[in-house]
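Novice: One line per chain: the protein sequences are G and F, in this order. Counting from 1, position 171 in the first sequence corresponds to residue 171 in the UniProt record's numbering; the numbering is continuous, with no gaps. Counting from 1, position 163 in the second sequence corresponds to residue 163 in the UniProt record's numbering; the numbering is continuous, with no gaps.
Hints may contain errors.
Since the list gives no way to pick out one identical chain from another, each pair is judged satisfied if it fits inside one copy or across any two copies.
Straight-line alpha carbon distances no greater than 30 Å define the calculated DSSO-like cross-link-like pairs of lysine-lysine that follow [claimed, not checked]:
1. Lys161 to Lys60
2. Lys60 to Lys163
3. Lys163 to Lys117
4. Lys25 to Lys160
5. Lys60 to Lys160
6. Lys99 to Lys58
7. Lys117 to Lys60
8. Lys60 to Lys159
9. Lys163 to Lys128
If you're looking for bench data, these hints aren't it; they were derived computationally from the structure.
2 protein chains.
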Amino acid sequence: MANQVGHLHVTYNNIHNLIKECTPKIGDEFNPDLMVAIGGGGFFPARVMRTFLRGVTKNKTLQIQAIGLSLYEPVEGGNEDQIGQEVIRTQWLGPNAGKLLLGKRVLIVDEVDDTRKTLHYALSELKKDVEAELSTRPESEREALRAATKFGIFVVHNKKKPKLAELPRDIPYVITIFIARSNGKTGNDRYYAGEDVDDVWLDYPWESTNIEEHDRLAMLDRSRKSGQ
Amino acid sequence: MANQVGHLHVTYNNIHNLIKECTPKIGDEFNPDLMVAIGGGGFFPARVMRTFLRGVTKNKTLQIQAIGLSLYEPVEGGNEDQIGQEVIRTQWLGPNAGKLLLGKRVLIVDEVDDTRKTLHYALSELKKDVEAELSTRPESEREALRAATKFGIFVVHNKKKPKLAELPRDIPYVITIFIARSNGKTGNDRYYAGEDVDDVWLDYPWESTNIEEHDRLAMLDRSRKSGQ
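If we strip away everything but chain G, and leave its shape as in the complex, we get (with noise of 0.2 Å):
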């Protein structure tokens, strides 16, 4: 039977090129100073995308923080209801997660927006630890400090298709949207440069068990692409 669904298998050098790619614009409008990765997909992409940033913005010590999130993925103890609707945190920022992001520039990292879903849990909770640490500051310095702190997105792929969730726009939060290869303004997002992929099954080296093979069909897959 044929398979329905299209799938693009995608290399660990396409990635670390996408990235790469990317990097500047990020350094130059967003010079973020602190990034945030989703793990496990955004450990990968936020580990090369550290190594580009730290060479055009030249802060050596740029770091990355670790969050856990599960959405497709079951997770123990969650519920049959839970896994696959709701975002699990499996991971968060320390009991200084307010103190550690306001101020910053925060680049969340994650590879590939599809639902957004995740991503809208990321950013909304990240900024309620920022108010909880705006709430112990006087009055007359927060509108400062809240201003000061912004988020930007990044994913490798964003897949072209209805989102469950709007990413939150409240200002004074500045949010910026980086996709790699993505092109022109979807909705009330920024996005920049290239092209977004279609609603396929994204195939990602790390989840391969035969790199070789991988590596053969992401080829196929880009030959077709280039074809069409």
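Put chain F on the given structure of chain G with help from the hints.
Specialist: Structure of chain F alone, referenced to chain G:
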């Protein structure tokens, strides 16, 4: 001037396959039910290993927790004495670290065992969390819970060089060190399969700003090695 220090370039696929090779043994002998990735270098190996471990152990809920440790790199807030000498925590497990670890088989993952200082720190501190949790439990249960808590270590590369720190080997914790392509026993630690690397400068792909040139150098390094 000739480069006095040898380099070894490793590709993404090299690392992916080293992990693939090593995982059946780790699944069989240690069967971890929690992974702790030491960021940033442990992020990529941990994510790849999870794929293979989930396949081998049929444990589809295996999760990665991340900790951030810095030894060589400048960290915001670290003073000069600390840099290059001390291990600095940039992130740790949440407030329930001890609860999370207790009774588990915990596999700590990093890219390289160089001076062993980071691994020593990670292991010692994780054990402190376990002990803190144990102190809240009835004395009659402690011994069994402690014995059920096991730590293993996986690194992609072990450098054959003097280590600055010994890994704590206090009974009844079981410390197992899994090193891809490492041969036989070294000192008091258990090693598995293949070969260690000499004390060379390891060039990891996620540090590369030109991945095609990196892959070319990796191929040269490999052919030079096999020609020895």
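Novice: Which hint numbers doesn't this structure obey?
Specialist: The structure breaks none of the hints.
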